[in-house]
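Engineer: Following the hints, position chain B against chain A.
For the protein sequence lines, the chains are A and B, in the order given.
Plus 802 on top of the position in the first sequence (first one is 1) and you've got the working numbering.
Plus 675 on top of the position in the second sequence (first one is 1) and you've got the working numbering.
Hints were generated in silico from the structure; no laboratory data involved.
Using N, Cα and C, we set each Cβ at its ideal position, and we do this for glycine too.
Among the hints, erroneous ones may be present.
[Unchecked claim] Quick list of the computed label-pair ranges, beta carbon to beta carbon:
#, chain 1, residue 1, chain 2, residue 2, range
1, B, Ala-971, A, Ala-966, 49 to 59 Å
2, B, Ala-946, A, Gly-965, 36 to 46 Å
3, B, Ser-916, A, Ala-1030, 51 to 61 Å
4, A, Thr-1020, B, Ala-867, 51 to 61 Å
5, A, Thr-931, B, Glu-764, 30 to 40 Å
[Stated by the list, open to error] Some chain B residues flagged as far from chain A (calculated, every beta-carbon gap over 10 Å):
#, residue
6, Asp-719
7, Glu-723
8, Asp-736
9, Gly-780
10, Glu-823
11, Gln-855
12, Glu-910
13, Gln-922
14, Gly-923
15, Glu-934
16, Glu-967
17, Gln-984
18, Ile-996
[Unchecked claim] Computed cross-link-like contacts, EDC-like style, restricted to lysine to aspartate or glutamate with a CA-CA straight-line distance of at most 20 Å:
#, chain 1, residue 1, chain 2, residue 2
19, A, Lys-917, B, Glu-688
20, A, Lys-953, B, Glu-865
21, A, Lys-953, B, Asp-872
22, A, Lys-917, B, Asp-1063
23, A, Lys-917, B, Glu-865
24, B, Lys-1038, B, Glu-764
25, B, Lys-1038, A, Glu-933
26, B, Lys-683, B, Asp-1063
27, B, Lys-949, B, Asp-1063
28, B, Lys-1038, A, Asp-957
29, A, Lys-941, B, Glu-865
30, B, Lys-951, B, Glu-906
31, A, Lys-889, A, Asp-903
32, A, Lys-990, B, Glu-864
33, A, Lys-941, B, Glu-739
34, A, Lys-995, B, Glu-906
35, A, Lys-953, B, Asp-905
36, B, Lys-951, B, Glu-934
37, A, Lys-917, B, Glu-919
38, A, Lys-990, B, Asp-872
39, B, Lys-700, B, Glu-688
Below are the chains, spelled out letter by letter.
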Amino acid sequence: MSGSLVFAVPSKGRLMEQTAEALGRAGLVLRKTGSDRGYRGEVEGLEGVEVAFVSASEIAHYLKSGQAHLGITGEDLIREYIIDADKRVELLHPLGFGRADVVVAVPACWIDIRKMAHLQAMAPAFRRTHERRLRVATKYTNLTRRFFQSKGVSDYRIVESLGATEGTPASGAADIIVDITTTGATLKANGLKVLDDGVILRSQANLVASRVADWSDTARAARHQIVARLKG
Amino acid sequence: MVAESARKFEALEAQAQRLMSVFTKAGYEAVAPAIIQPADVFLDVVGERLRARTYVFTDPDGSELCLRPDLTVPTCRLHLERHPEADVEARYCYNGPAFRFQPGGVTAAHPREFRQAGIEYFGSSSREEAESEAVRLTLEAVRAAGLESFGLRIGDLGLFQALLDAIDMPDRWRARLRHQFWRPDAFHEELARLTRDPADVLHDLPADLMSRMDPANLARSESAVAAYLDEQGLELIGARSVREVTQGLLSAAADAAAEPLSSEAADLIDAYTKVKAPARAAGARLEDLMNERGVAIEAALEAYQKRLQLLIDSGIDPALIEFSAEFGRNLEYYTGFVFEIVVPELGTGSPVAGGGRYDGLLKAVGAREAVPAVGSAIHTERLLSAIDGGEA
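Excised from the complex, chain A in its bound form (with noise of 0.2 Å):
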C-alpha cells in the first residue's frame, strides 16, 4: 500500500457514528476490510486511500509523527498532545459535530472569584491558609499551563485527573478544574461555574491533515477528493 493515504477515523462512541455520518453525507462511505480485527477499511469507490479505525486522541498521535495523512478528531485533543501544532498539522475544515468547551470551572460558592485575575489574586492568601498551592484537576495539563500563563495566573498545581473531574472540588481532590463541557449541566449540577474569560478553547471535530507526513503524489490526490466532498 505504499503511496497510499492513511485516514485516521475515530473508531469507537459517538464521534466515530457522528464522523461516519458526515463522511457518508459526502458521499465518502467507510467500509471494514481485511482480517486486522476492524480497525482497517477503505472508502468506496475512492482510490489510494486506506483508513485506520483508532481512537480519538491516538488520531492527534498519528498525525503529530505522521503515521496518518488525513485524521478526524476533535480540536482539544490536537491542541492538547501536540505541542507545536501549528507546525506538525493543519486544520482544514471544521465538520460541525463534537463540539465542546474546554473551560476553567470553579466552586459557585466562590462569589468573589468571577474572572482568571481573581484567581490570581486570591492565591496567596489560599497558599497562606492552606499551606499549599490552589490545585487544578485536568486531563488537558498542556492546554490548561498555556492558558493560565497568558492569563498571568502562576500560583497554582495541576493534579492530573483521568475520569470524574468534574467531582473533584465538592471530594477535595482538588480546588478548581479545567474540562470540557457541552451544556454546562454536569458543572452545574457538581457546584461548579465557568469564569467569565474562563473559556479556553471553543473545540470541535475537525478534518485534520499532517505535516509531516510522507505526501506521495497519491496521497495528495486523495487527499483533495476527500476535502473537495466534505466541503461540499
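Structural biologist: For chain B alone, kept in the frame of chain A given last:
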C-alpha cells in the same frame, strides 16, 4: 539529540575540574545532591512554569519523582537534611546533570540534558558582600575555563520592591504588580488598570450583598455571605471557607473604595522599569529619577551602589556591567539581586551563567524561617561552546 562525542565528554570533564577548583579553593564544599527528586516538593517550589519543562515520572512503587531541572532546589534540600534548622552558614558547590524538556525543540544551546556547575551560599547576613562574591567567583570560574569576552547583566528586585513600598497604595496592589513583574505586557496592563479601575471586579458582584457587608466587622459580613449563599442555593464546596470568600469580597470592596493609583505614580513605576544602562550610569539615573519625584528609597539605592563598588573593587570592569530594571530572570524564586553572564555568540536568550538572591527558597522546601541565600549556576555546555567560538 546528537550523540555526545568522546572529545566533548573529555572537554566538559576538564572544564568542570577547572570550574570546581575555583569554587573549592574559595571555601565552597563540593556536594552531589540526588538527581532523582521527589516531584511534589520540587514542583510545589518551582511552580507550573518550570514543571511544564520537568521530566516527571512514577516509579513501580507509585511514587511521583522527577529528574531535577536545576541543582539549586536539590542543594537546598541537602542543606536542610544536614541542618534541619538551617541555622548554619554554609557554602556549597556542585557539578552535575540537570534535565529540561525543550518546548522549542532540542538544540545545542537548549539541550534537554545539560550539566550545571554552580555555587550556593546560605545564611550570610552580609547581603551585598555575598552577592558580589557569587558574581566574582562565577566570573573567575568562567575565566579559568577560558572565556575571554562576555557581558554581565544585572537586575535588582530589591529596588523594585522598595519603589513599590515608597508609593502609597494598598498592599494587595503591590502584590499584584510584583506578581506581574515577570510578564512585561501583563505588568503594564495591570499598572494601567490600577490607575483606571482598580476593582474591575466589583460591578460583577451582587450589589444587595455588598451593601450588607461591613468591612469593619468580619463576623457580620460572614453571616451576610452565608445567608446570601443560602438564598441563592449555592452549596459550600471545596477547601475555601465562608470566611475566605468573605475576605475576598471585602478585598474587592476595599479596592473599589480606594483612590486609583495616581498617574504620577504609574509614570514613575513605568519610568523605573525602562531604566537600562551601564551600571554606573544606571545608578545615577535611578538617583535622579527618585530625587525628581521626591521618592525616598535610600537604603535600596545604597545597596545597589555598595554592591556595584564591591564588584568593581574585585576587578570587574564597570563598562561590562549593564543594569536593566526589567531584568528579573525567569525563575520566580529570585527575590533580590539577579545576574547573568552573556556572550555575543549565544545572545541574551542563552546566558552561559546566571544567579542571584533567593531568600524564600529554603523556607519553601521546609526551613522554619526565610534564610538569606545567594547562588549561581554555569551552563557548562554553553560555556564550552562559547569558548570554542560558538561551535556546538
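Engineer: Would you mind marking each hint as holding or not holding in the structure?
Structural biologist: Hint check:
no., hint, verdict
1, Ala-971/B to Ala-966/A: 49 to 59 Å, "holds, 56 Å"
2, Ala-946/B to Gly-965/A: 36 to 46 Å, "violated, 52 Å"
3, Ser-916/B to Ala-1030/A: 51 to 61 Å, "holds, 60 Å"
4, Thr-1020/A to Ala-867/B: 51 to 61 Å, "holds, 56 Å"
5, Thr-931/A to Glu-764/B: 30 to 40 Å, "holds, 33 Å"
6, Asp-719, "violated, 6 Å"
7, Glu-723, "violated, 6 Å"
8, Asp-736, "holds, 18 Å"
9, Gly-780, "violated, 8 Å"
10, Glu-823, "holds, 37 Å"
11, Gln-855, "violated, 6 Å"
12, Glu-910, "violated, 5 Å"
13, Gln-922, "violated, 7 Å"
14, Gly-923, "violated, 3 Å"
15, Glu-934, "holds, 19 Å"
16, Glu-967, "holds, 31 Å"
17, Gln-984, "holds, 35 Å"
18, Ile-996, "holds, 30 Å"
19, Lys-917/A to Glu-688/B, "violated, 51 Å"
20, Lys-953/A to Glu-865/B, "holds, 12 Å"
21, Lys-953/A to Asp-872/B, "holds, 18 Å"
22, Lys-917/A to Asp-1063/B, "violated, 51 Å"
23, Lys-917/A to Glu-865/B, "holds, 14 Å"
24, Lys-1038/B to Glu-764/B, "holds, 15 Å"
25, Lys-1038/B to Glu-933/A, "holds, 12 Å"
26, Lys-683/B to Asp-1063/B, "holds, 11 Å"
27, Lys-949/B to Asp-1063/B, "violated, 35 Å"
28, Lys-1038/B to Asp-957/A, "holds, 17 Å"
29, Lys-941/A to Glu-865/B, "violated, 31 Å"
30, Lys-951/B to Glu-906/B, "violated, 55 Å"
31, Lys-889/A to Asp-903/A, "violated, 23 Å"
32, Lys-990/A to Glu-864/B, "violated, 33 Å"
33, Lys-941/A to Glu-739/B, "holds, 17 Å"
34, Lys-995/A to Glu-906/B, "holds, 17 Å"
35, Lys-953/A to Asp-905/B, "violated, 32 Å"
36, Lys-951/B to Glu-934/B, "violated, 31 Å"
37, Lys-917/A to Glu-919/B, "holds, 17 Å"
38, Lys-990/A to Asp-872/B, "violated, 31 Å"
39, Lys-700/B to Glu-688/B, "holds, 18 Å"
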